[in-house]
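Same order as they appear, the protein sequences are chains A and B.
Here the first sequence is numbered in this note's numbering, starting from 831 and rising by one per residue.
Here the second sequence is numbered in this note's numbering, starting from 60 and rising by one per residue.
These aren't lab readings, by the way, just hints derived from the structure by calculation.
A few of these clues could be false.
[To be verified] Taking lysine to any residue and the SDA-like style, the derived pairs with C-alpha atoms no more than 25 Å apart in a straight line are:
1. A/K972 <-> B/L198
2. A/K867 <-> B/A81
3. A/K972 <-> B/Y125
4. A/K867 <-> B/V179
5. A/K972 <-> B/S225
6. B/K131 <-> A/L864
7. A/K867 <-> B/W187
8. A/K867 <-> B/L74
9. A/K867 <-> B/S247
10. A/K972 <-> B/L73
11. A/K972 <-> B/A81
12. A/K972 <-> B/V179
13. A/K972 <-> B/L74
14. A/K972 <-> B/P290
15. A/K972 <-> B/L78
16. A/K972 <-> B/T197
17. A/K972 <-> B/H72
[Stated by the list, open to error] One-sided excerpt, in silico: chain A residues whose CB lies under 8 Å from chain B:
18. F870
19. S1071
20. L1091
Just so it is clear, CB atoms sit at the ideal spot from N, CA and C, and this is done for glycine as well.
Now for the letters of each chain:
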Amino acid sequence: MSHVDVSAPVRPADVPAAPVTAEEVATRPRRSRLGFKPGFGLVVGTALVVGTLFPGQIAPASPTDQQLAERLRPPAWMEGGATGHLLGTDSLGRDVCSRVIYGARTTFLVALAASLIGGIGGTGLGLLAGYHGGVLDELVRKLVDMQLAFPYLLLAISALAVAGRSLPILVVVLALSSWPAFARIVRGEVLSLRERQFIEGARAIGCADPRILLAHVLPGVTASLCVVWSFDLARVVVLESSLSFLGLGVQPPTPSWGMDLSESRQFLQIAYWTVLFPGLAISVVVLAANLVGDWVRDVLDPIVKRNRASA
Amino acid sequence: MGWLGEAARTLGHLLVVMLGTASLVFVVLRLTGDPAMMVAPPGATLDDLAAIRRELGLDHSIGMQYVEFLRKLAVGDLAESFRYRRPALEIVTERAAATVQLALVAQLLAIVVAIPLGVVAAIRRDSWLDAALTGLATLGQSIPHFWLGLMAIVVFAVQLGWLPTSGRGGWLHLVLPAVTLSSYSMASLTRLMRSSVLEVLGSDYIRTARAKGLGTGPVLFKHALKNAMIPVVTLTGLQLGVLLSGTVIVETVFAWPGIGRLIIEAIHTRDYPLVQAGVVLMALLFVVVNQGIDLCYRWLDPRVAGRRG
Chain A
831 MSHVDVSAPV RPADVPAAPV TAEEVATRPR RSRLGFKPGF GLVVGTALVV GTLFPGQIAP
891 ASPTDQQLAE RLRPPAWMEG GATGHLLGTD SLGRDVCSRV IYGARTTFLV ALAASLIGGI
951 GGTGLGLLAG YHGGVLDELV RKLVDMQLAF PYLLLAISAL AVAGRSLPIL VVVLALSSWP
1011 AFARIVRGEV LSLRERQFIE GARAIGCADP RILLAHVLPG VTASLCVVWS FDLARVVVLE
1071 SSLSFLGLGV QPPTPSWGMD LSESRQFLQI AYWTVLFPGL AISVVVLAAN LVGDWVRDVL
1131 DPIVKRNRAS A
Chain B
60 MGWLGEAART LGHLLVVMLG TASLVFVVLR LTGDPAMMVA PPGATLDDLA AIRRELGLDH
120 SIGMQYVEFL RKLAVGDLAE SFRYRRPALE IVTERAAATV QLALVAQLLA IVVAIPLGVV
180 AAIRRDSWLD AALTGLATLG QSIPHFWLGL MAIVVFAVQL GWLPTSGRGG WLHLVLPAVT
240 LSSYSMASLT RLMRSSVLEV LGSDYIRTAR AKGLGTGPVL FKHALKNAMI PVVTLTGLQL
300 GVLLSGTVIV ETVFAWPGIG RLIIEAIHTR DYPLVQAGVV LMALLFVVVN QGIDLCYRWL
360 DPRVAGRRG
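Please take these sequences and the hints and turn them into a complete structure.
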């Protein structure tokens, strides 16, 4: 990433530095400070990983422990709140804070797995379709168009109705929503890449197609893949929580932000905190993924543009 | 290609999509289980079940049912709902009106708010206003509909008591669902409009217009906006399609009697005709909207028509 250095002041090492005025300091470009977008992403990402790996160490209570006497207690700082339950309790007397922390694992793992599976599948199909063209290309394009035309929720509901509701199936159903974006972008990039000289060269010295695709074409599309992937991760998190909200995703008692929202909905008018905090968690994670996507795109933009321009 | 050929092509596309969707939903539905079990009263015997299947036309082979389904579909007959014992199309059309109303109002709201905001952000590029608008838009893209809706209910219906919590009635009932539904489109449109205007303002013909002494206002309104609108129109079309099929979440949150909830309920009760009618109608709306957008697109960018013809 050569242009990262552009922001750093350029001065040969042996030239003595001139006295620096206060004004110069104020207007000087700041050096290698972590920007807001990746910084926010890093903080949220770290929190997610910690929440996924060690929920028991940070959560104040068990996420499934029901204390019916303590049900619907408001957060600790409000009137009637208990110090033991920082963010209050839900309708079954479970600690909201603990459920939010444990919910991170479900959301993170499901979304990660789904967008990885969808991403790998879509990238593979996009590579093949763009590189080989012909019937395969037609087929992939038709599949993408068909999937985009078919109401996804109907597909998801039917699949979950037929195959039963379990985490692996939920992951597959979510992955099914991910692949078209990857396939489209990758196909488009490969179309221009395959005419480039270095690919022609690889072919000329007798590289087999799989090797050309994996060793020469794939590195050329990674920039775009990073962008698509971070936005897709955000999308899948929303989708997973939406399905769980409709009662189609994660099943109780597994803690899941979307499902917690859906279960607490009926108590919305008397205990809004049971809905506020899980939703806040979803929004923060999605925002972080979107910001990272924005940032990656900004950073990679010259590279992506150059690839397209040479088509 | 003349307009006749063009019309034939459009009609062909419409038929293919409709046939594909109808067939897909027919097959997928029949994988979900036996509807007779849902219709039968508790304690029904095997004979009762067989009788119900015969009555619902489910005793024939799948192939025959499919041929029958297509034959009826061709004349616009989508059979009777298993549950309501009324023509499925009638039920679906009633509910679709509510969904279309919600989606149209939401999309209109998104356009009316997003376009000026996007233009302002682009003109005041890198100012605090731009940063605020872009930040707000990113936030709008990140907050899920169902949570935004529920929080809006807490604030505006429960705490302040300004608006009804749910259901369909007067215009006041429409406010919360429409604003909630429009949030994502509004945010994406604002960002797209901003980058689109920025791109157009950087192009050669705008520089020419400026060079001949035209002020910022005329340059913007006479030259830049029409071209900057092209990607926005495309996105609007895509969004409207998504909105129509994506209202189900907002319909669930606000108990809005739309087609999305109807289809979900019908899937759970295995009401085949109702689901089929719902999906076919949605697909029709989707295709018609996209064709309409295509027309707008040609008006904005005559090069498109030239390229196709």
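Going through the hints against the structure:
In summary, the hint linking A/K972 to B/L198 is not supported, as the alpha carbons are separated by about 34 Å, beyond the 25 Å threshold. Pair hint A/K867 plus B/A81 does not hold up; C-alpha atoms about 44 Å apart against a cutoff of 25 Å. Taking the CA atoms of A/K972 and B/Y125, the gap is near 23 Å; set against the 25 Å cutoff, the hint holds. Between A/K867 and B/V179, the direct Cα distance comes to roughly 23 Å. Compliance with the 25 Å bound is thereby established for this hinted pair.
A threshold of 25 Å between alpha carbons decides the hint, and for A/K972 with B/S225 the separation of about 40 Å lies outside it, so the pair is violated. In summary, the hint linking B/K131 to A/L864 is not supported, as the alpha carbons are separated by about 63 Å, beyond the 25 Å threshold. A hinted pair counts as satisfied when its Cα atoms are at most 25 Å apart, and A/K867 with B/W187 qualifies at roughly 17 Å. Between A/K867 and B/L74 the alpha-carbon distance is near 46 Å, which puts this suggested pair outside the 25 Å criterion.
A threshold of 25 Å between alpha carbons decides the hint, and for A/K867 with B/S247 the separation of about 18 Å falls inside it, so the pair holds. This hinted pair checks out: A/K972 and B/L73 have alpha carbons roughly 15 Å apart, not beyond 25 Å. Restraint check for A/K972 and B/A81: the C-alpha separation of about 17 Å stays at or below 25 Å, so the hint holds. With a CA separation close to 39 Å, the supplied pair A/K972 and B/V179 exceeds the 25 Å bound.
Distance check on the hinted pair: A/K972 and B/L74 sit about 15 Å apart at the alpha-carbon level, within 25 Å; holds. For the given pair, A/K972 sits about 23 Å from B/P290 by alpha-carbon distance, which is consistent with the 25 Å threshold. Restraint check for A/K972 and B/L78: the C-alpha separation of about 15 Å stays at or below 25 Å, so the hint holds. A C-alpha spacing of about 32 Å is found between A/K972 and B/T197, which places the hinted pair above 25 Å, so the restraint is violated.
For the proposed pair A/K972 and B/H72, the alpha carbon gap of about 13 Å is at most 25 Å, so the pair holds. Look at A/F870: its Cβ only gets to about 11 Å from chain B, farther than 8 Å, so that hint breaks. Hint status for A/S1071: holds, given a least beta-carbon distance of 6 Å to chain B, under 8 Å. Hint on A/L1091 holds. Least Cβ distance to chain B is approximately 7 Å, under the 8 Å limit.
Checked against the numbered hints above, the structure violates hints 1, 2, 5, 6, 8, 12, 16 and 18; every other hint is satisfied.
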